[in-house]
Amino acid sequence: MNIIAHNTRSNLNPSTMSNIQNIQQMIENGQSQRALVKLKKMAAKNSQNHEVHRLLGVIYLQQNTWSLAEKHLQHAHQLKPNFGPTLLNLASLYKAQKKYSQAHQCYQQLLNQGATNAPLYYNLANLYRDQNEISQAESAYLACLKLQPNHLGALVAFGFLMKNTGRIDQAIDYFHRALAINPYQHDIYWALANLKQYRFNDHELATLNQMIAQAGDRVPPELLFAKAYALEHAGEYDAAFAQLEQANRLRYRQLQRKPFDWSGLTQAIQRVFNPEFIKAHTVNVHSNTKQPVFIVSMPRSGSTLTEQILASHSAVYGASELPYFPNIMAVRGRENNNSYPESLASMKKDDFADIADEYFNAVGTDFKETIFTDKQPLNFNFVGAILMAIPNARIIHCTRRDLAVLLSCYKQLFAHGHEYSYDIEELVANYQHQVNIMAYWKNCFPDKIYALSYEDMVQDTRLEIERLLSFLKLDWQDTCLQFYHTKRNIKTASAGQVTQKIYDTSVQLHKKYQISMAKFENLLKNN
1 MNIIAHNTRS NLNPSTMSNI QNIQQMIENG QSQRALVKLK KMAAKNSQNH EVHRLLGVIY
61 LQQNTWSLAE KHLQHAHQLK PNFGPTLLNL ASLYKAQKKY SQAHQCYQQL LNQGATNAPL
121 YYNLANLYRD QNEISQAESA YLACLKLQPN HLGALVAFGF LMKNTGRIDQ AIDYFHRALA
181 INPYQHDIYW ALANLKQYRF NDHELATLNQ MIAQAGDRVP PELLFAKAYA LEHAGEYDAA
241 FAQLEQANRL RYRQLQRKPF DWSGLTQAIQ RVFNPEFIKA HTVNVHSNTK QPVFIVSMPR
301 SGSTLTEQIL ASHSAVYGAS ELPYFPNIMA VRGRENNNSY PESLASMKKD DFADIADEYF
361 NAVGTDFKET IFTDKQPLNF NFVGAILMAI PNARIIHCTR RDLAVLLSCY KQLFAHGHEY
421 SYDIEELVAN YQHQVNIMAY WKNCFPDKIY ALSYEDMVQD TRLEIERLLS FLKLDWQDTC
481 LQFYHTKRNI KTASAGQVTQ KIYDTSVQLH KKYQISMAKF ENLLKNN
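Note that our numbering has the sequence shown beginning at 1, numbered continuously upward.
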């Protein structure tokens, strides 16, 4: 997001321009409230100062106060319609609100004016990326880097885009180019570690250790998780686990999280979705001709691999992790002034039909394939509602050995969500909730849920793919076995793995941690 624009060549008098530049510096230094007070005073004296209103809009945009941000940015735009920085800020606002067409209009106005600068193409690339328009995003990032080869934001963002599309060597190259400009970027160290197979060289390890030592108590968790991977790759498993404990404690504390009652949620779901309720409220049929396949699991259980395999079939569209069903459940909770699952207890059969309509409208149907996947792992909580609302839906439950998946989750710094995973006790409680509730769903809907073991997939890939396709009534296609050739944009931690052939190195990894895994084992036994 391009917030501040220097050298704006505004026609303000020197004194006012000096004040504006000082306020810009305040905003960049994180002194937004101080800047806000000064800007309000300036606006009161002269309401026609476009740059004052632009910077007010910038601060409100940073604070996610979108209505005030739009009010001031639109006023600034009216005062000086062709001012580039205002158009960039408006585009950033619309992008944040997911008003993509309006954001594009701002960028198009800049392009029509003949603007060709790196910030413009960088922000345009980010917009295309968020819309999953990968080829356009690539072109815009490259245009930015052609104009400004050392544009740090573009190098990092393009590196992530390369990672998500399976071009791992190129991702590493762009991350390295970014580190050559600024070697102290903790997010890149975690991005490299998160490729799973990457090995830090001696210089990178020295820099990583230096950053951790200098940060002291304020060390970013990204560095600690990256260091844990480095120790694991060096075969120092006890030291790696000790580093993971420090990293997870820090992240859990940062989130200010209190443990959730997962056992209570299991019981509540079973209480609401009793056999009588399911029988009385299940929709008979839905008119939409598309068939959704929901891939559910704990994280790090092979769900990304499963979707990649299915998306390699000509009849299947891989839609990735869709937020729509959890969002619909959240809306129902607000409407009924109750949380899930109690929020659904008073619903009628027609209400479940409405849920299906909302879901399909959100997904859209602008793809030719007859089947699409929804790989939102946490949908396992909503399997009952899904199958009652969409009777032709199917569920793929990806499973993995308990200690293997628990360790893999504990090693992962998630981009968002899965906050329970940063505490061993809550992680185990969440795992047991997932096991218990999926066992309950399978008892309720035995013909609509297929359990797929990660270990079995690794052991005999072809056989497991044949069984998976058979469950979905799909013919065999060799492309499913050659899934690593399929080009897709994958944003999960497994992006670098599913573009390679299946390897079995992680199947027994938890055994190398031995003594450290006793903490997980004891919790599993006691619960």
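Note that these hints are calculated values from the structure, not bench results. Backbone N, C-alpha and C fix where the C-beta goes; we use that ideal spot for every residue, glycine too. A few of these clues could be false.
To be verified - Okay, the calculated beta carbon distance ranges per label pair:
# : residue 1 : residue 2 : range
1 : Asn392    : Val331    : 42 to 48 Å
2 : Asp351    : Gln48     : 51 to 57 Å
3 : Phe260    : Ala518    : 39 to 45 Å
4 : Tyr484    : Ser453    : 39 to 45 Å
5 : Lys525    : Gln131    : 33 to 39 Å
6 : Asn82     : Lys349    : 20 to 26 Å
7 : Gln136    : His485    : 44 to 50 Å
8 : Leu524    : Lys349    : 53 to 59 Å
9 : Ile181    : Lys40     : 19 to 25 Å
To be verified - In silico PhoX-like links for lysine-lysine, alpha-carbon gap of 25 Å or less:
#  : residue 1 : residue 2
10 : Lys442    : Lys525
11 : Lys99     : Lys45
12 : Lys196    : Lys448
13 : Lys442    : Lys196
14 : Lys519    : Lys279
15 : Lys45     : Lys71
16 : Lys38     : Lys258
17 : Lys290    : Lys448
18 : Lys279    : Lys487
19 : Lys442    : Lys368
20 : Lys196    : Lys348
21 : Lys279    : Lys196
22 : Lys525    : Lys196
23 : Lys40     : Lys71
24 : Lys511    : Lys448
25 : Lys473    : Lys448
26 : Lys279    : Lys368
27 : Lys368    : Lys487
28 : Lys80     : Lys38
29 : Lys512    : Lys525
30 : Lys487    : Lys473
31 : Lys196    : Lys290
32 : Lys348    : Lys487
33 : Lys290    : Lys525
34 : Lys258    : Lys519
35 : Lys448    : Lys349
36 : Lys80     : Lys99
37 : Lys368    : Lys448
38 : Lys487    : Lys442
Distance restraint between Lys290 and Lys525, which requires alpha-carbon spacing of 25 Å or less | Measuring from Cα to Cα gives roughly 43 Å; hence the hint is violated.
39 to 45 Å as the expected CB spacing between Ser453 and Tyr484, which holds or is violated | At roughly 20 Å between Cβ atoms, Ser453 and Tyr484 fall outside 39 to 45 Å, so the hint is violated.
Within a Cα-Cα threshold of 25 Å, do Lys279 and Lys487 meet the stated pairing?
-> Cα-Cα ~41 Å, so violated.
Can the restraint linking Lys80 and Lys38 be considered satisfied, given a maximum Cα separation of 25 Å?
-> Between Lys80 and Lys38 the Cα gap is close to 21 Å, so the pair holds against 25 Å.
Do the alpha carbons of Lys80 and Lys99 lie within 25 Å of each other, as the hint requires?
-> holds, 22 Å
Does Lys349 lie within 25 Å of Lys448 when you go C-alpha to C-alpha?
-> Since the Cα atoms of Lys448 and Lys349 sit roughly 19 Å apart, the hinted pair holds (cutoff 25 Å).
For the pair we were handed, Lys40 and Lys71, check the Cα-Cα distance against 25 Å.
-> Cα-Cα ~14 Å, so holds.
Does the alpha-carbon distance linking Lys279 and Lys196 stay inside the 25 Å limit?
-> Given pair Lys279, Lys196 is violated - Cα atoms ~45 Å apart, limit 25 Å.
Below or equal to 25 Å on CA atoms is what counts here, so check Lys442 against Lys368.
-> Not satisfied, since the Cα-Cα distance of roughly 31 Å exceeds 25 Å.
When you check the alpha-carbon spacing of Lys196 and Lys448, does it fall within 25 Å?
-> violated, 34 Å
Below or equal to 25 Å on CA atoms is what counts here, so check Lys442 against Lys196.
-> violated, 33 Å
Regarding the pair Lys368 and Lys487, is the alpha-carbon distance no greater than 25 Å?
-> holds, 17 Å
Hints 1, 3, 4, 5, 6, 7, 8, 9, 11, 12, 13, 14, 16, 18, 19, 20, 21, 22, 24, 26, 31, 32, 33, 38 from the earlier list are contradicted by this structure; the remaining hints agree with it.
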